[in-house]
Amino acid sequence: MPAEIRVRFAPSPTGYLHVGGARTALFNYLFARRSGGTFILRIEDTDRGRFQESALEEIYQSLRWLGLDWDEGPQKGGEVGPYIQSERLDRYQKYADQLIQSEHAYRCFCTPQRLEEVRLKREKEKQSTGYDRLCRDLTPAQIEENLAQNKPYIVRLKIPAGRTVSFNDLIRGKIDYQSDILDDLVLLKTDGFPTYHLANVVDDHAMRISHVLRGDEWIASTPRHVLLYEAFGWTPPLFAHMPVILDPSGGKLSKRKGAASVMDYKRTGILPEALFNFIAFLGWSPGDEREKMGREEMIEAFSLENISPKASVFDEKKLEWMNGLYLHDHSAESLVRDVFPLLKAKGFISSEANEHDPIVVSAISLLKDRSRRLTEIVENASYFFIDPVSYEEKAVIKYFAKGTKAVFETLIDKLDGMIEFNQVSLDKLYHEYSTASGVAIGELIHPTRLAVSGVSFGPGLFELMQALGKETVFRRIKTAISWLEKNSATLQ
RNA sequence: GGUCCCAUCGUCUAGUGGUUAGGACACAGGAUUUUCAUUCCUGCAACAGGGGUUCAAUUCCCCUUGGGACUACCA
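All the letters of the first sequence, read from the start, carry residue numbers 199 to 690 under the numbering used here.
These aren't lab readings, by the way, just hints derived from the structure by calculation.
All residues carry an ideal CB built from backbone N, CA and C; glycine is no exception.
Treat the hints with caution; some may be incorrect.
Cut-off 30 Å, straight-line C-alpha distance, at most; resulting in silico cross-link-like pairs (DSSO-like, lysine-lysine) [unchecked claim]: (1) Lys490 <-> Lys450; (2) Lys356 <-> Lys387; (3) Lys515 <-> Lys544; (4) Lys542 <-> Lys455; (5) Lys453 <-> Lys356; (6) Lys516 <-> Lys450; (7) Lys626 <-> Lys544; (8) Lys684 <-> Lys612; (9) Lys515 <-> Lys464; (10) Lys464 <-> Lys450; (11) Lys453 <-> Lys516; (12) Lys592 <-> Lys684.
Computed Cβ-Cβ distance ranges for the label pairs, DEER-style [unchecked claim]: (13) Ala404 <-> Pro358: 20 to 28 Å; (14) Arg331 <-> Ala404: 45 to 53 Å; (15) Thr608 <-> Lys684: 37 to 45 Å; (16) Glu577 <-> Gly371: 43 to 51 Å; (17) Leu345 <-> Ile497: 18 to 26 Å; (18) Thr337 <-> Ser284: 44 to 52 Å; (19) Gln347 <-> Glu321: 25 to 33 Å.
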């Protein structure tokens, strides 16, 4: 184990941060925190064609939302910066030159057209594809001539022949590649920008990265990286490749099939600590039977050895279950900030209303324990703010009968006589009325709920009535009375 | 096509050379509850197949099958 643990998450700002990337970041974070190491964020924006400013913003936002704060990186600084590769271009150029000098790399003047032809020809001949190394043996004179003509060129690494290149993947064990099937990878592009491979190796070395924890799509590139380290005379870091996260049909997670980005989950009412917990358990487990684990507990328990090499499927049902657990832990007050804007967007709340309106807290507090997402709270919250405009059809059949009107009229009288309109006294009143009249308590409660909320399910009736207040309850029961009058013919 | 990776309930996973293969989600049933939800109980359900090695393999090895990644002047 290297003396100093330094890891990095190195996303490319070409799109939103998806959950796979988030989990890689998370494992880097946990590993760093567990070992007292340093977690670095580095932006790999060497593909200026696919760069998106908004993607960069979203990456920062997603990481922050999940609480994956980096120790060194953009917006934070650090002694081995800058941490954005486009701000480090001169270095890559310099190192490429160094490799040409030491004859570990060479200039390739082949045109994209020729490369394409080579590829097609090799494919047809069922050979392994790859560059045919035409420019590898150019004489100094030929190179001079091409340079003099200002021919565009790229820089390629000379892959040595007949070598077995191996590296030890921390979660898969030893992996071997024969160097003969590796092609001479591009280090520097025509535009002077480095490829991922060069920039990555140069920066990991410059930033003294001890462990590279990245997605397993990089496994096949790793032997080339090892050779690159060798060409520079550097010791490679330790590697660990994370398995992919799949959607339930076994394919890649995508926006089309549902949520894929971290922000999608935020938008659909998932709590950051729930996503954090859930994602960590995709490919990792503490080795015992714990499922719900907070950040600190997870840091305590984390180890690379417990990461499975197997791809896992993202099960949203389980995420929702877990989110429900975290929702339960939260106080209503702590959820107001996130829920209030959603209530406003639904039109339940007028624009001048403020977050501290007690009905908002009441609604959240009564709904959160029966919801799995913040959005579910909001979907069921309408009657806290707006009188029901209709009654749930099935519930009408079940709970509104010919005699209901009379019951409501009596109730109204009794309610009116109440000194304190709260949960306890309401409970008492209903039970006393039930006993006195011989009407089953359910025959009182269910119709009242329907009158007051418009639906047959929800929080306990008396807490709901207290939250709504006497005035609103009265108004709604009266509305129900006239509705019953009007529709008496259809009632059983 | 080539190279590499992977394989325990539908899903996330624990686990061991000898276990009734454990837990969780989901699903089904039941109990509690004024409804819904929660909670509790019960049930359903897995070692991909074939060869080895071994007294004994789900576990170790090989093959097959299936899935995936890479095979760009993208990362």
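Hint by hint, here is what the structure shows:
1. Lys490 <-> Lys450: holds (26 Å)
2. Lys356 <-> Lys387: holds (16 Å)
3. Lys515 <-> Lys544: Status holds; Cα separation ~25 Å.
4. Lys542 <-> Lys455: Holds. Lys542 to Lys455 sits at ~28 Å (cutoff 30 Å).
5. Lys453 <-> Lys356: Violated, at about 40 Å.
6. Lys516 <-> Lys450: holds (18 Å)
7. Lys626 <-> Lys544: Roughly 35 Å between the alpha carbons, so the hint for Lys626 and Lys544 is violated.
8. Lys684 <-> Lys612: holds (24 Å)
9. Lys515 <-> Lys464: holds (16 Å)
10. Lys464 <-> Lys450: holds (20 Å)
11. Lys453 <-> Lys516: holds (19 Å)
12. Lys592 <-> Lys684: Holds. Lys592 to Lys684 sits at ~18 Å (cutoff 30 Å).
13. Ala404 <-> Pro358: 20 to 28 Å: Once the Cβ atoms are compared, 24 Å apart, the range 20 to 28 Å for Pro358 and Ala404 holds.
14. Arg331 <-> Ala404: 45 to 53 Å: Given about 29 Å between the Cβ atoms, the range is violated.
15. Thr608 <-> Lys684: 37 to 45 Å: violated (20 Å)
16. Glu577 <-> Gly371: 43 to 51 Å: holds (49 Å)
17. Leu345 <-> Ile497: 18 to 26 Å: violated (54 Å)
18. Thr337 <-> Ser284: 44 to 52 Å: Roughly 35 Å apart at Cβ, these two residues miss the hinted range, so it is violated.
19. Gln347 <-> Glu321: 25 to 33 Å: Hint holds: Cβ distance 31 Å, inside 25 to 33 Å.
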